[in-house]
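Sequences and hints are given; from them, build the entire structure.
What follows is the residue order along each chain.
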Amino acid sequence: MASACLLFEEELRGGASFAHVLKRGTSLRITDLHGGANVPITLFNFELLVERYNMADTLKQQHTAHLTQGHCLYSDMGRVLCSITNDTVGWHDPIGAYSTRASVAKKYGAHDYQEFRNDWYTSTRENFLREIGKFGLSIRDLQSHINFFSKLQVDLTGSMHFVPGNSKAGDSVELRSEMNTLVIIDTNPHPLDPNPNYEPKPVHLSFQRVDAPAADDQCRNLCPENIRGFINSERYFL
Amino acid sequence: MSERTLIKSKLDAATAIHDEVLPAGEGWIHAVKKGETFRIVDLDGNQAADTLIYNLHDFSERYSALDTINSQGNIYLTTGSSLVSNLGNELMRITADTCGRHDTLGGACAAESNQVRYAIEKRYMHNCRASFMAALMSWGHEKRDITSNINFFMNVPVTPEGKLTFEDGISEAGKYVEMVATMDVAVVISNCPQLNNPCNAYNPTPVRLLIWGAHVS
Ligand SMILES: [Zn+2]
Chain F
1 MASACLLFEE
11 ELRGGASFAH
21 VLKRGTSLRI
31 TDLHGGANVP
41 ITLFNFELLV
51 ERYNMADTLK
61 QQHTAHLTQG
71 HCLYSDMGRV
81 LCSITNDTVG
91 WHDPIGAYST
101 RASVAKKYGA
111 HDYQEFRNDW
121 YTSTRENFLR
131 EIGKFGLSIR
141 DLQSHINFFS
151 KLQVDLTGSM
161 HFVPGNSKAG
171 DSVELRSEMN
181 TLVIIDTNPH
191 PLDPNPNYEP
201 KPVHLSFQRV
211 DAPAADDQCR
221 NLCPENIRGF
231 INSERYFL
Chain C
1 MSERTLIKSK
11 LDAATAIHDE
21 VLPAGEGWIH
31 AVKKGETFRI
41 VDLDGNQAAD
51 TLIYNLHDFS
61 ERYSALDTIN
71 SQGNIYLTTG
81 SSLVSNLGNE
91 LMRITADTCG
101 RHDTLGGACA
111 AESNQVRYAI
121 EKRYMHNCRA
131 SFMAALMSWG
141 HEKRDITSNI
151 NFFMNVPVTP
161 EGKLTFEDGI
171 SEAGKYVEMV
181 ATMDVAVVIS
191 NCPQLNNPCN
201 AYNPTPVRLL
211 IWGAHVS
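Protein sequences appear in the order of chains F and C.
Just so you know, my numbering puts 118 at position 118 of the first sequence, and the rest follows in order with no gaps.
Just so you know, my numbering puts 160 at position 160 of the second sequence, and the rest follows in order with no gaps.
In case anyone wonders, no lab produced these hints; they're calculated from the structure.
Bear in mind that the values here come from a model prediction, so they are computed numbers and not experimental data.
Even for Gly, the Cβ is constructed at its ideal location relative to N, Cα and C.
Be aware that a few hints might be false.
Here's a subset of chain C near chain F, in silico, CB distances under 10 Å, partners left out [what the hints assert, rightly or not]: (1) Arg93; (2) Arg117; (3) Ile120; (4) Phe166.
Covered by chain C, per the in silico footprint, the following chain F stretches (three or more residues, Cβ under 8 Å) [what the hints assert, rightly or not]: (5) 4-10; (6) 91-99.
Here it is in structure tokens:
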């Protein structure tokens, strides 16, 4: 087991967002405090913001349509931004959409700040835009994201089904940064979650300094593609 | 959508206002105005037509694979599929399809993804992102405008166990897909030059692109 050194930790309430540059050699552990969390995350290369997380490349390079321990999160430039080094959930959704102000109002009713103060209803797109705007990015830069802790199953006809109860209280996932990665985190519900009530769940965030991936690292060696993805990330820092 | 329902078009190629053959490996950008109908013909079979769609008047609004598949609750595209933008608006709608299923999860090939998928040395092979870049830059746009795409005629099934596989194509020579523009759009196509993938038998081939004016039948 790699050694880890806690840098800081905090709780991210439901419906809130956060941006952090997860430096190469650090990790972010996200813990679902009550169960049923949904944590949309999108990623950028902090030094080259036009390089961003790419759903299609992440999936096809690892021959998977769901994400779990051992998988890498790829940029559109053939590099590993982060790898999933620990996961007690087993399935995170890379193909679901995110919520918007319109979809939240339609599903749950509008709840504005004037009346509800910090219990107002937010949406992932609004929160993502607010966070990436601080880095000079705009709607043009939002392309794809992962809905951590959520499970969407695709049947043989191609229909997508939200699977309730995928994540339990105490479940966690850990992302190790292989680059200086701008991580944008939100905690709004999955748009296909059948729960009729707006009940975004809080999560605990723990930032740690971790050892560099070893030669026998599980993520590096998951498939030949990941060995080459790590080579591309490592060459970037030479 | 379990059975592939094949819907033929009533449109006659002789009445098209635009008709051209796009060779393998070439890029293309063209306006399709509201009400116009756009057809892509897989001339020789199992060719991937990697396609991006934009609001013609504001390229920050563009096709979104995730919004499209989530709005219809299904990952495959065919007749009836609404091609949805990142702002939740319909850009185009598929009105005829003799192939029956098209992919929008597999993305486009790039020099860098070829390195990961095949070998580090594959960087130098021609790829779809290069064609997308050339087409977009010719209209004053840039890399950050490249977004999720449709792979017309590609077969990329997802299994209930969450695996993603590239299967042999289900298209064949002469199959086509046709869509009507719901707003003025710009369509960008990279007629894929991929030489590493058995889907196209390592042999990229041309596609035919036709546009009919609004109010034809
Ligand atoms: Zn291609």
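Proposed interface contact between C:Arg117 and chain F, which counts if any beta carbon pair is under 10 Å: This interface hint holds because 6 Å falls under the 10 Å limit.
Coverage of the region 91-99 of chain F by chain C (three or more Cβ within 8 Å): Per the Cβ count (5), the hint holds.
Verdict on chain C covering the region 4-10 of chain F, where coverage means 3 or more residues with a C-beta closer than 8 Å: Violated: only 0 residues of the region 4-10 of chain F have a Cβ under 8 Å from chain C.
Interface hint compliance - C:Ile120 to chain F, C-beta minimum distance less than 10 Å: OK, holds: C:Ile120 within 10 Å of chain F, min 6 Å.
Per-residue hint verdict: C:Arg93, partner chain F, C-beta under 10 Å: Constraint on C:Arg93 not satisfied, violated at 18 Å.
Evaluation of the interface hint that places C:Phe166 against chain F, nearest CB under 10 Å: For C:Phe166, the interface hint holds, since the closest Cβ of chain F sits about 7 Å away, which is under 10 Å.
Hints 1, 5 from the earlier list are contradicted by this structure; the remaining hints agree with it.
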